[in-house]
Structures are given as structure tokens and as C-alpha cells.
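Once you have looked at the hints, place chain B on chain A.
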Amino acid sequence: MSALRDGADERLETPAAAALRAPPTMRSVVGALLRKELRVELRTFESVPAMSLFSVTTYVLFHFGLQKDTVTGSLASGVLWVTLLFASVLGINRLFVADAEQGGFDGFLLSPADRSALLLAKALALFIYLLALELVAVPAFALLLLGSSLAAAMPGLLVVLALGNLGVAAIGTLVGALAVRTRARDLLGPLLSLPLLVPVVIGCALATTPLFAVPAGGLPLRWLLTLGLYDLVFAVIAFALFDFLLED
Amino acid sequence: MYGKRLRGLALTTCAALTLTLVAVLFWAPNDATEGFLQKIFYVHVPLAIVTLSGFIAGGLMAIQHLRTRDARWDVRSYVAIHISLVFGVGVLITGSIWAKGAWGHWWVWDEPTLVSFLLVMLLYATYQPLRFAIEDPDRQARAASVFAITAGVFVPICFTIVRLSSAYVHPRTLDNISGDLPGRMQVVFWMALASIGLLWLLLWRYEMASKHASAQLRRLRRLLSDDEDDAAPLRRSAAPTMTHAGSAR
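Sequence lines, in order, name chains A and B. Positions 1 to 248 (the numbering used here) are the ones given, in order, by the first sequence. Positions 1 to 249 (the numbering used here) are the ones given, in order, by the second sequence.
There may be inaccurate statements among the hints.
[Claimed, not checked] Derived Cβ-Cβ restraints for the label pairs, each shown as a range:
#1 A:Leu53 with B:Ala10: 58 to 66 angstroms
#2 A:Ala152 with B:Arg67: 50 to 58 angstroms
#3 B:Thr68 with A:Ala213: 51 to 59 angstroms
#4 B:Ser53 with A:Ser28: 39 to 47 angstroms
[What the hints assert, rightly or not] Some, not all, of what chain B presents toward chain A, calculated at C-beta under 8 angstroms:
#5 Val22
#6 Leu119
#7 Arg142
Rather than coming from a laboratory, the hints here were simulated on the basis of the structure. Here the structure is a predicted model, which is why all the values come from computation and not from measurement. Ideal Cβ placement from N, Cα and C applies to all residues, glycine included.
Same shape as in the complex, but just chain A (with noise of 0.2 angstroms):
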């Protein structure tokens, strides 16, 4: 017996345990979610390759549904972001899935960890699964539907771009934690992100629009603006919010 204690208490002293012993930092945590989040996501293909795939079916549907072979200005804009948005529902829709079902959420809150750190982590791997999204959707947009030049909006497509998927990763985790734990959790996702999106898409469209025109205009600074101003909000909103949703 006590040369068990003995043994356990060399253990402690090793450097590796000390660094065990002290609490985990930020980073560290994060760090570890995030690995586990794009490990699981690497393994099933559960979001990504979905969330590509309904895009270019989108595109399709545009195709017939407008019967336009391609699409200029304020038409294409509107194309790409509602399709954007509806693809990246399904994202969020799964993103706390695995967790509420295979008790992700109790490991987490058994470990001493803030639990910030599932927001940060979950928002950036909602962030990670948009850009893998739009690099397939994009893409196809210009092949299939685009009228003008892809190359030309480019640069500042990929503003734009950012600023919506941070507004959709903050708005998105925050939902899909709230909705996850209900009965109808894949009714009220849809249900309650996109009236929370319209905001994003109204901005991001309308900051496309110049881009997608046929001289191609400018980037309108004001909706960058508004864009990023509404983004922030949000992100507090939902690092305010989060630990409530948590609690057990």
C-alpha cells in the first residue's frame, strides 16, 4: 500500500504530470477541441462534404428555378449567399449532434476547463468547415451560374467572405447549442438562425452585388462595416450566453 503511495507520488513529480496537474490554459483547450472537432469531421465526413454537395444541387435548382444559364449583379450575389446560408444551416444543424448523443457535453464539463473554450473551439471549426464549403462553392458558382468574372471579384469576394462566415460562426454555434437539446432540434435550427442570418446575408449580398456587376464596381466599405459590426455583437452576445446553455 504504501509503497503504491510512494510510487503515485514519483509519478506526480515528473515534469509531464506537474503540467497536468496546473490548470489548462486557453490556447491548450481550444487547441485540443479544435483537433477533435476536424479529427471527427476527417473520419465520418459528416458536414463538409454534405454541405458542398447540397450547394452545387443548389446551383442546379437556380439554374431551372430562374431559367437564366447565367447570372449577373444583384441576381448573383443573392444566388451565391442564400445558397452559402442554406448550406451552411446544414452545418450547424450537426454541429453539436455528436455531442448531446454521445455525451460530449458531459466529458467536456467534467474536465476543468472554461467552457468558453467549446464556444471558441466549436466557432472556429464552423469557421474551418465554411471555408472548406466555399471552396467548392465558389468554384462551381463561376462554372455553372457566374455571368462576370470570378478572377476580377475575387479579392474582394474573399473580404466578404470572411466577414460572413465569422457572422455565421457566431450566430450558428450560439443556435445550434440552444437548439441541440431540444425535441425538434432539427426544425428549430433553421427555424431560429435564419431570421438571426437575414442581417448577414442583407450585408453580404448587397457588398457583393458591385462586385458580381458587369463593369464591376468597387467594394462598399459601409457594409464591410456593418458587417463586421454585427458580427462582433454577436460573438459577444454568444461568449455572454453560452455557459448559461451548458448548465446541468
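Only chain B this time, still in chain A's reference frame:
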């Protein structure tokens, strides 16, 4: 404690509403371009202002709920949002009637106030389904409060962004009140706002009193009967009850 002074408030509200109605119909001048139709303004605009204030009040009560963990604040927030939702349907209906009369269409997309109000209503329409989908009362209350705060912040932001997005900027009502409205119209408008505000408050207090009374009744039934089953079991519901809050005291 919730029923006290309700009769006085009810009588005051009735008197204020009657007086306002008389003033709207007989004292306020007819609008030069829109004529009698413009009178709907005295219902529609105060109703909209009270609805939005009610949503924001619901958000503030939800903050109080999360801070104090007192479930009574959740009930208050629920009742505030519930009544504002009912008022909001009235806003959409009166707004449509006014739009049809003044502009010839039931719905106009380039009127930012209309569009943002619709967005806010679409968001709040999910409040009851969200509550209904969560069975555990504590978790339901917390999720509802998180929603109410998020949506309460969304209200002013949504109005700002939709306003920015529209090319046409119509004169805003409150600008009108301070600037263009002739004296009598202004007086009647403030009367209408006050009486509809009173109506909201009255309904809120009635609902709270009713929730309090049914919780009391339930508790007495429990005490009187040995058999637990005699007190009707709580149904799964979107509406929080005071029973839960009462036991916490």
C-alpha cells in the same frame, strides 16, 4: 400580491382608451392627403412601439433571470413576450391595411420599418416552439432566457440594418412627431401611445396574477389531498408556471 390595484389599473386603462378613441375620431384633424384613413396611424404606430418595447423588456427580464436564477423572472419574461407577440400580430394587420389604403399594396418591400418588423416577428414566432421542445423546466427557462436576450438585442440592430439597406428612406414616425405633426395630432398620438402602453401593462399584470393564482390553487390542492394524483399533473407546455418558482422561495 399580483392582484392588488388591478381594478384601479383596469378602470384607468378603459378610461384612457375611451378618451383616446373619442379624441382620434372627433378631435384630431383629418389628414390632408390620406383623409380619414390616416387615423389608423393612432393605432398602428403606438401598437408597434409598445410591441418592440415589450420584446426588449422581455429580454431585460431574461437577463435578470439568468443573473438571479429566480424562476419568477422567467415567467415575467415569458408573459411580456407572449403579450407582445399578440400585439405584434395586430401591428402587422393594421400596417397591411394602412399600406393597402395609402400605397395600394398589402405589402411593400421598400418600407424598411415594415420589413424589419416582419423579421423580428419571424424570430419571435420561434419562441413558443423552442420552449415547447424542451421538457425539463429549468433547462427550458434557461434556453428561453438565452433566446429572449439574443432576440432583444436583435430588435434594434435589425431595424438599423434594414433601414440602411433600403434606398428609399421614408420619414420616420418619431421624427414626424417632433417636427411635422400639427399640435393636435401630436397630442392625440401621445395619448394613444400612453393608453396602449397601459393596456399592455394591464394585460401583463392580469396574466401574472392569473399564473400566481393557479399556482397557489395547485399548492393548496396538494396540501389538502393525501393522494398526489389528485392535483392534476402539469402538462408539457410552452408556458412556465409559478409552481416551480413558488417552491424556490
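Contradicted hints - numbers only: 5
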